[in-house]
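Participant: Each chain, letter by letter, is given below.
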Amino acid sequence: MTVHLEHYLVVGAVLFAVGLYMVLAKRNFVGVLMGIELMFNAVNLTFVAFSRFVESPNPLDGHVFVVFVVTVAAAEAATALAIAMLLYRVRDTIEVDEINLLKW
Amino acid sequence: MDDTGTVIAFWILAAITVVSAVGTAAVRNLIHAVIFLVISFTGVAGLYITLSADFLAVTQVLIYVGAISILVLFAIMLTPQSDRGNSEGFLRLPALALATLVAATLIFVAIDTDWNISDRAGFQDTANDIGNALLDKFVLPFEIASVLLLVAMLGAIVLVRPEGAVEEE
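Sequences listed follow chains L and G, in order.
Residue 16 in this note's numbering sits at position 16 of the first sequence, and the numbers go up by one each step.
Residue 22 in this note's numbering sits at position 22 of the second sequence, and the numbers go up by one each step.
So that you can see chain G by itself, here it is in the shape it has in the complex (with noise of 0.2 angstroms):
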């Protein structure tokens, strides 16, 4: 991680998903707010790159940038007549507060940490040993995956079934 681009790289992709993560909070818009996650989650896509974690980062693109934020659009978009804020509720000062709190925490660990750092090379080429481990070491993790996605999909079908669907039949 000495190469001069890699370090530009990190600190231009570093400031763009933290402000853009900023901004989805701050902006009053909700539209506004999605847009500046799917920024955030480009960021955190290129940040991946920068961590030579190739088929995360495509990963990332695929389904945080592509499937997820088009779910958060669906969710706004069938819910016309409700409100499009983005603003706080009660809760914002201690909320400010504890995530003021967490975020410091979380710092002065990862810093104050003897961490126990390797001086090997980044990856090569992942996907292929992410293929092999998903069916070989954590092949039960995989099939119980599966599963949690089936009854997901079911789950999401069955809460939004209009009234009387199964009388219609």
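The shape of chain L in the complex, shown without the other chains (with noise of 0.2 angstroms):
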């Protein structure tokens, strides 16, 4: 018994689809950026695994592409949890259903 590429890719679509589920259900931002994160993981793992497997003339360049991603989740996630400060400053809730002044 061996471990393959499919393991990790399937993995990876598991945790990608249970970080869209909470993208798009869950009614706390805070939820919302948590289920973006399992997204960015569920990504670099599948990054990670091509580039231990699939026939390459430079397999490292999964792992600096990850760097990168990590990168721009940390951005992302700095500036977003400054949102949720000014958002609960503002209206008193971080409820995505309740953020709702652009609705027509």
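Since the hints were made in silico from the structure, they are not lab data.
Glycine included, C-beta positions come from ideal geometry on N, C-alpha and C.
Heads up, a few of these hints could be off.
Unchecked claim - According to the in silico footprint, chain G covers these stretches of chain L (three or more CB under 8 angstroms from chain G):
#, region
1, 8 to 14
2, 33 to 43
3, 72 to 83
4, 88 to 97
Unchecked claim - Quick list of simulated restraints, FRET-style, between CB atoms:
#, chain 1, residue 1, chain 2, residue 2, range
5, L, 92, G, 87, 17 to 25 angstroms
6, G, 122, L, 99, 41 to 49 angstroms
7, G, 117, L, 99, 43 to 51 angstroms
8, L, 89, G, 125, 46 to 54 angstroms
9, L, 91, G, 125, 49 to 57 angstroms
10, L, 98, G, 132, 43 to 51 angstroms
11, L, 54, G, 163, 48 to 56 angstroms
12, L, 102, G, 78, 19 to 27 angstroms
Build the complex: two chains, separate frames, hints provided.
Facilitator: Below, the structure written as structure tokens:
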């Protein structure tokens, strides 16, 4: 019994689906954010799995790409949490259902 | 990837990762959800080690388990009177259906495709090569990433600065 590329891809797919569900369904802004982080992790896991298993002249490029994804994720988390703070200060809630100023 | 240790480690880590990810979505308390999220991040770091990505495993622990989870906890703690619940809104069933469809499609594609598998062994020491690639082949994205981090930091500071902070100087 061995572990193949497909095993890692399935784990990544499940993680991505859970993150997608959280992004779409959660009412709390922080819950949505946690879903986004899960999706980032799923994509990173897929990158690293491909980098390990698939034939390529530069197999480490996948790792470098993951470093960039982590950088963008950190920047995204910092600004998104600042937005959460600001929303709470202005509207007294971080429920995304109640942030409907742009609704016509 | 044939030795028994790697196979056992993969199955245990995959189970931990997936179960705690589902736990993050399922538990009703937001603080418990963050704890499950941290466990899931740690499981992904372990999966990186089974893929011989040592540098990324350390990065994962440092940035996701260490920094981002603390940032999320801060966001929960700094919004004191708001709801700590982790419940779903009116999009619950459509979201469940869409997530199931996406998972099914991705798993089908992953299993059905004939990947161009290489038979090379795992990486020995990735940190050196990643550093060389960042300063050689990927030097422009590397610089752009530094500018992005600077802009994100400034943006976060400007956003949460209290009203009238400029006049007080």
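Participant: Hint by hint, say whether it matches the structure.
Facilitator: Comparing the hints with the structure gives:
1. 8 to 14: holds (count 7)
2. 33 to 43: holds (count 6)
3. 72 to 83: holds (count 11)
4. 88 to 97: It holds, with 7 qualifying residues against the three required.
5. L:92 to G:87: 17 to 25 angstroms: holds (18 angstroms)
6. G:122 to L:99: 41 to 49 angstroms: For residue 99 (chain L) against residue 122 (chain G), whose Cβ atoms are near 46 angstroms apart, the range 41 to 49 angstroms holds.
7. G:117 to L:99: 43 to 51 angstroms: holds (47 angstroms)
8. L:89 to G:125: 46 to 54 angstroms: Cβ of residue 89 (chain L) to Cβ of residue 125 (chain G): about 47 angstroms, so the range 46 to 54 angstroms holds.
9. L:91 to G:125: 49 to 57 angstroms: holds (50 angstroms)
10. L:98 to G:132: 43 to 51 angstroms: About 50 angstroms separates the Cβ atoms of residue 98 (chain L) and residue 132 (chain G), which means 43 to 51 angstroms holds.
11. L:54 to G:163: 48 to 56 angstroms: holds (53 angstroms)
12. L:102 to G:78: 19 to 27 angstroms: holds (25 angstroms)
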